[in-house]
Amino acid sequence: MGSFFTSAVLVATIASGLRLAIPYLLAGLGETVGQRSGVLNLGVDGVMQLSAFFAYWTVLETGSLWLGVGAGLAVGTVMGLVYGVITVTLGATQGISGIGIFLFGLGFSDLIFRRRVGTPKPIKQLPEVEVPLLSDIPWVGEALFRQTLFGYLAFASVPVVALMLKHTTFGMNIRAVGENPQAADSLGISVGRTRYLAILIGNVMAGLAGTALVLELGIFQQNLTQGLGFIAVALVYFGAWRAPGVMVGALLYGLVNATVLQWKAQGIIPREASDLASMAPAVLTILALVVLAGRVSPPAALTRPFSRH
Amino acid sequence: MSTPGTSQPASIPPMLEMRGVTKRFPGVLANDRVDFDVRPGEVHTLLGENGAGKSTLMKILFGLYQPDEGDLRLNGVPIRIESPTDAIGHQIGMIHQHFMLVPTLTVAENVALGLKSGRGPLTDLQAVSARIEEISSSYGLAVDPSVAIWKLSVGERQRVEIIKALYRDAQLLVLDEPTAVLTPQEVDDLFVILRQMSSAGRGLIFISHKLHEVMALSDRITVLRNGRVAGHTTPQETSRQELAQMMVGRAVKLAPDKPSVEPGADRLSISGLTVFNDSGSAAVTNLDLTVRSGEIVGIAGVSGNGQRELAESIIGMRHPSSGSIIVDGVEVAGSEPAESRGAGLAYVPEERMKDGAVGEFTVGENLVLVEHGSDRFSGRGLLRFGAIREHCRKLVDDYRVKTPSIETPTQSLSGGNIQKIILARELATKPTVLIAAQPTRGVDIGAAEYIHEQLVEQRSAGMATLLISEDLDEVFGLADRIAVMFEGSIMAILDTEAATREQVGLLMAGVESDPAPAAGVALDR
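Sequence order for the protein chains is A and B. Per our numbering, the very first residue in the first sequence carries number 35; after that it's consecutive. Per our numbering, the very first residue in the second sequence carries number 187; after that it's consecutive.
The set of hints was computed from the structure by calculation and includes no laboratory data. Certain hints may be false.
Said to hold, decoys possible - Dumping the calculated DSS-like pairs for lysine-lysine here, alpha-carbon to alpha-carbon at most 30 Å:
(1) 396(B) <-> 337(B)
(2) 245(B) <-> 540(B)
(3) 337(B) <-> 200(A)
(4) 302(B) <-> 200(A)
Start from the sequences, fold in the hints, and give me the full structure.
Following this line, the structure appears as structure tokens:
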């Protein structure tokens with residue numbers, strides 16, 4: 035049994051926690067934008083699996099990481115358009131539609147994977163990018179400034195999303211459409227267009243999250259995400275529909291996950307209790323949601339399709 | 187067909203002309219060749235009952251509907267308005283009855299919504315706030331641009347709506363029942379602002395069914411009935427009585443004849459009543475009130491001052507945290523509705539489709555909903571349909587409910603007829619105390635007239651009635667005493683004979699009673 039509280043182990047755990055937080059953060063931020071416009075997407079997990087598979091397959095076939103990222107983005111865009119047609123143009127019930135997207139993503143990615151790839155073959159992983167000078171800072175540099183591009187992108191997205199929502203006309207329109215679409219409509223804001231764009235942002239970020247995950251792991255398998263996308267949706271509630279809050283949730287999740295993994299590896303958690311310990315992050319999320327319940331209210335028009343009459 | 191107004195020379199060309207506007211919906215002719223125009227600088231009122239076609243006409247003006255026939259001209263030029271954006275582009279503004287504000291956004295953000303920003307993709311709230319301050323000071327519309335809407339009072343929210351329209355420099359402004367949620371003093375303030383706006387050359391369309399307000403504010407009045415223009419007139423040429431007649435199509439009594447009745451014993455005695463609302467704060471605080479036999483006590487007040495919680499605690503739908511409610515000597519505080527009803531209470535609730543009737547049920551089912559368990563209507567666990575049918579047919583006849591049959595689903599009837607069904611059912615239990623909350627809100631004038639007659643008749647028969655109403659005309663017309671409610675307390679109880687509208691209005695706004703009645707007469711009362 036090794037010691038957990040040595041600097042090297044702590045730093046490694048924190049670094050691994052940050053890395054684990056990335057897909058949660060990307061997907062959660064995207065879902066935040068969508069929900070602020072009044073659209074709930076429970077299909078995040080499915081979109082992540084689809085984009086993860088297509089990114090994986092592209093890299094496998096072409097050997098190009100960049101083409102893989104492009105494939106992941108393309109899948110996110112297409113799924114965003116599909117979800118927009120279903121929920122905005124057709125005005126379908128969002129909860130059920132999202133579950134449909136999830137099941138489609140889960141099944142379809144596995145189907146093509148088996149038909150076209152068959153046995154899992156590893157692909158090359160994303161390289162870490164060290165920030166010059168900063169990465170040389172002891173402890174901090176190692177934990178914070180040796181990330182993949184996705185890591186920097188995810189954390190940079192936090193202020194971008196926050197500022198976009200608060201300080202841009204587009205962000206104000208998203209908030210208005212999510213709270214009182216009738217009012218926005220009466221002022222000449224296109225509720226449909228605003229929601230389409232917000233859904234697109236959400237799905238493209240879910241696509242990035244799936245891509246980040248598969249390129250981090252370097253391998254694809256059935257149900258790669260294991261519910262990660264659903265946790266990301268929960269983190270939006272946890273974060274009270276605000277980007278920094280979602281980041282806190284994602285970090286907490288990542289760090290608890292990393293700690294559990296570390297403790298398992300060091301044998302601090304006995305093998306028999308290992309499955310139980312894996313539940314810790316989920317239990318933590320549920321507890322947090324219970325504590326936060328009723329303190330903050332969701333966007334008033336969340337899940338409500340808009341029509342003029 | 188149009189009668190020129192007397193206050194505006196007919197020579198001023200209209201800014202808006204709507205000619206022969208027809209709009210059909212499946213099975214309904216919502217607008218039938220309607221002519222309507224507005225001249226610069228005037229207030230033109232559109233008057234009519236629910237369903238007369240006012241909203242349809244205004245939705246056409248605002249681009250939410252397209253007319254099937256007829257045309258629109260703005261300053262003499264034919265136009266098509268395809269969307270609210272078009273309407274705003276033509277400087278047409280609308281203040282909706284249900285405010286079109288985003289509660290979580292600030293005043294400045296709400297004003298800026300939908301407008302181009304001077305800073306490209308970024309919002310320019312400082313510039314917007316500065317312009318709001320300008321408009322505020324020139325129109326006396328005090329409001330802080332940086333405050334979120336949800337923190338504002340109803341009156342302040344309406345100011346924001348007006349600022350929104352002025353910010354967009356609306357030349358033609360539609361006000362859809364803007365006074366529905368205001369105290370009489372707030373109404374007076376609003377009218378001053380509206381006058382100021384019209385004297386600056388703007389054209390105002392005022393939609394209301396409150397006749398004294400229509401008489402006080404309008405330059406011209408157009409009355410709609412069943413989708414058609416029933417007449418054009420001016421306040422100088424008409425009277426409230428005549429307007430009501432034009433709206434309904436027959437002579438109506440605006441206030442019921444009330445025989446004098448000597449009040450008897452206390453039927454409902456409330457003392458020290460405190461009730462909490464759904465969010466856990468005190469909605470009714472230490473309230474005392476007595477209603478006697480043969481008496482109607484009116485609760486006047488702006489909605490949301492505890493009226494709903496008071497009514498619900500009396501009937502037993504909400505349990506008070508302390509205090510006593512005695513009905514004919516029986517303590518009912520904390521009882522279930524069935525027990526309260528057993529003590530002699532009946533209840534006409536504010537939300538008639540939520541608390542008063544089951545929409546999917548037939549007229550007959552709703553009529554026996556309270557008594558269906560009694561021996562008269564059920565035996566050995568089965569309903570006695572013969573007795574029920576007979577009872578319902580009699581009630582439908584007695585209360586002149588307009589329904590194809592007692593098997594008709596209740597939700598397909600008009601608000602007035604549904605309200606008659608509820609009243610019929612409640613009065614059929616022969617209550618000693620009736621709680622009537624907003625009994626004629628959203629009800630057509632004919633049905634309102636009938637409901638008022640019934641309440642007065644029951645008063646003569648000795649029933650004690652607690653009438654909760656936001657409509658001061660109704661309170662003054664029916665009540666023997668007026669209790670003014672503000673923030674959960676009774677501010678004062680006044681004899682209706684001696685009370686004035688100002689006095690009640692000030693009390694409704696929480697201003698303590700002044701022993702000397704204020705000078706001047708509010709509106710036309």
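Which hints from the list above does the structure break, by number from lowest to highest?
The structure conflicts with no hint, since it agrees with every one listed earlier.
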